[in-house]
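Novice: With the hints as constraints, model all of the structure from the sequences given.
According to my numbering, the residues represented by the sequence shown are 1 to 189, in order.
Note that these hints are calculated values from the structure, not bench results. Please note that the accuracy of each hint is not assured.
Claimed, not checked - Between beta-carbon pairs, the in silico distance windows are: (1) N161 / H78: 37 to 47 Å; (2) H119 / P29: 39 to 49 Å; (3) P43 / L65: 18 to 28 Å; (4) M1 / G155: 16 to 26 Å; (5) P29 / A116: 39 to 49 Å; (6) D19 / I174: 44 to 54 Å; (7) R76 / P113: 10 to 20 Å; (8) F163 / D36: 37 to 47 Å; (9) E183 / D63: 19 to 29 Å.
Stated by the list, open to error - Here are the simulated EDC-like cross-link-like pairs (lysine to aspartate or glutamate), alpha carbons at most 16 Å apart as the crow flies: (10) K13 / D32; (11) K2 / D32; (12) K2 / D46; (13) K2 / D36; (14) K66 / D36; (15) K124 / E185; (16) K188 / D112; (17) K188 / E69; (18) K13 / E69; (19) K2 / E48; (20) K124 / E69; (21) K100 / D56; (22) K124 / D112; (23) K124 / D17; (24) K100 / D46; (25) K13 / D56; (26) K188 / E48; (27) K124 / D77; (28) K12 / D56; (29) K2 / D17; (30) K124 / D96; (31) K12 / D32; (32) K124 / D50; (33) K188 / E168; (34) K188 / D50.
Idealized CB from N, CA, C, for every residue including glycine.
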Amino acid sequence: MKVLDVGCGERKKEIEDADVVGVDSIALPGVDVVHDLDRFPWPFNDDEFDLVIMDDVLEHLSDTLKVIEELHRITRDHGLIKISVPHYTSDNYYTDITHKRAFTSRSFDFFDPGCAGVHQYYSKARFRIREKVIGFSEIMPSGRKHPPNIHKLLGIQYLVNRFQRIYEKFFAFIMPATELYFELEVLKE
Numbered sequence: 001m002k003v004l005d006v007g008c009g010e011r012k013k014e015i016e017d018a019d020v021v022g023v024d025s026i027a028l029p030g031v032d033v034v035h036d037l038d039r040f041p042w043p044f045n046d047d048e049f050d051l052v053i054m055d056d057v058l059e060h061l062s063d064t065l066k067v068i069e070e071l072h073r074i075t076r077d078h079g080l081i082k083i084s085v086p087h088y089t090s091d092n093y094y095t096d097i098t099h100k101r102a103f104t105s106r107s108f109d110f111f112d113p114g115c116a117g118v119h120q121y122y123s124k125a126r127f128r129i130r131e132k133v134i135g136f137s138e139i140m141p142s143g144r145k146h147p148p149n150i151h152k153l154l155g156i157q158y159l160v161n162r163f164q165r166i167y168e169k170f171f172a173f174i175m176p177a178t179e180l181y182f183e184l185e186v187l188k189e
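Specialist: Put into structure tokens, the structure is as follows:
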């Protein structure tokens, strides 16, 4: 399996039985490919990767739509893209001056043909949303999570994820979330 760790920094993911390629805009230890992620195309072949991981990177990039289309291009059909980003109510979003945008639980509905009422004619990139989680502590695509928090222990996180739209419309600023995690399956053809 070939994996791309986008924005890996000094901590490129280690995945058993996988060839992991780390890309970042800065030449740090562990970075295999140095490339400005706001410049397209990225230096990878079409359908090169089985899995792409973006752990708190997408919010730093200028053109989200172009990045998503590039992820679609370099990931094989039915490959997976795992993304963690700050929720729009997260204090982490507002305190990092390099963040360019925040996300909601519906940010990627635009690309899923199974989501009704979404205008999908602005991009040809298509994904099936396999998982989306609103978290009250950081949720890492690598599976690493912070210790359980009070929201999870009290069942609040379960309810928030069961009724994501209601939470984001009525309760998000009363009880702010920290992170969103998405698992997207690439659809081609």
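Novice: For each hint, tell me whether it holds in the structure or not.
Specialist: For each hint, the structure was consulted:
A hinted range of 37 to 47 Å for the beta carbons of N161 and H78 is inconsistent with their spacing of about 25 Å. Between H119 and P29 the beta carbon distance is about 43 Å. The supplied range of 39 to 49 Å therefore holds. In this structure the supplied range 18 to 28 Å holds for P43 paired with L65, their Cβ-Cβ distance being about 20 Å. For M1 and G155, the hinted distance range of 16 to 26 Å is not satisfied, since their beta carbons lie about 36 Å from each other.
Between P29 and A116 the C-beta distance comes to about 46 Å, which sits within the given range of 39 to 49 Å. Distance hint check for D19 and I174: the Cβ-Cβ separation is about 45 Å, which falls inside the suggested range of 44 to 54 Å. Against the hinted window of 10 to 20 Å, the Cβ-Cβ separation of R76 and P113 comes to about 18 Å, which satisfies the hint. As the Cβ distance of F163 to D36 is approximately 40 Å, the hint placing it in 37 to 47 Å holds.
As the Cβ distance of E183 to D63 is approximately 22 Å, the hint placing it in 19 to 29 Å holds. Our distance criterion of 16 Å between C-alpha atoms is met by K13 and D32, whose separation comes to about 12 Å. At roughly 14 Å between alpha-carbon atoms, K2 and D32 fall within 16 Å of each other, so this suggested pair holds. Distance hint between K2 and D46 is fulfilled; the C-alpha atoms sit about 13 Å from each other, no more than 16 Å.
Between the alpha carbons of K2 and D36 the distance comes to roughly 21 Å, so the proposed pair goes past 16 Å and is violated. Annotation: proposed proximity of K66 to D36 holds, straight-line Cα distance about 13 Å (limit 16 Å). Our distance criterion of 16 Å between C-alpha atoms is met by K124 and E185, whose separation comes to about 14 Å. About 12 Å separates the Cα atoms of K188 and D112, which keeps this hinted pair within 16 Å; it holds.
With a C-alpha separation of about 12 Å, the suggested pair K188 and E69 falls inside the 16 Å cut-off, and the hint holds. At most 16 Å may separate the alpha-carbon atoms for a hinted pair to count; K13 and E69 exceed this at roughly 23 Å. Between the alpha carbons of K2 and E48 the distance comes to roughly 7 Å, so the proposed pair stays at or under 16 Å and holds. Annotation: proposed proximity of K124 to E69 holds, straight-line Cα distance about 8 Å (limit 16 Å).
A threshold of 16 Å between alpha carbons decides the hint, and for K100 with D56 the separation of about 12 Å falls inside it, so the pair holds. Distance restraint check for K124 and D112: the Cα-Cα separation of roughly 11 Å lies within the 16 Å cut-off, and the hinted pair is therefore satisfied. The straight-line distance between the Cα atoms of K124 and D17 is roughly 32 Å, outside the 16 Å bound, and the hint therefore fails. The straight-line distance between the Cα atoms of K100 and D46 is roughly 27 Å, outside the 16 Å bound, and the hint therefore fails.
For the given pair, K13 sits about 13 Å from D56 by alpha-carbon distance, which is consistent with the 16 Å threshold. A hinted pair counts as satisfied when its Cα atoms are at most 16 Å apart, and K188 with E48 qualifies at roughly 14 Å. For the given pair, K124 sits about 14 Å from D77 by alpha-carbon distance, which is consistent with the 16 Å threshold. Between K12 and D56, the direct Cα distance comes to roughly 13 Å. Compliance with the 16 Å bound is thereby established for this hinted pair.
Taking the CA atoms of K2 and D17, the gap is about 9 Å. The hint holds against a cut of 16 Å. For the hint pairing K124 with D96, the CA-to-CA distance comes to about 32 Å; that exceeds 16 Å, so the pair is violated. A C-alpha spacing of about 9 Å is found between K12 and D32, which places the hinted pair at or below 16 Å, so the restraint holds. The hinted pair formed by K124 and D50 fails the criterion: a straight-line CA distance of about 20 Å is larger than 16 Å.
Only pairs whose Cα atoms come within 16 Å are accepted, and K188 paired with E168 is rejected, the gap being roughly 31 Å. Taken as a hint, the K188 and D50 pair is honoured in the structure, with Cα atoms around 13 Å apart against an allowance of 16 Å.
Checked against the numbered hints given earlier, the structure breaks hints 1, 4, 13, 18, 23, 24, 30, 32, 33 and satisfies all the rest.
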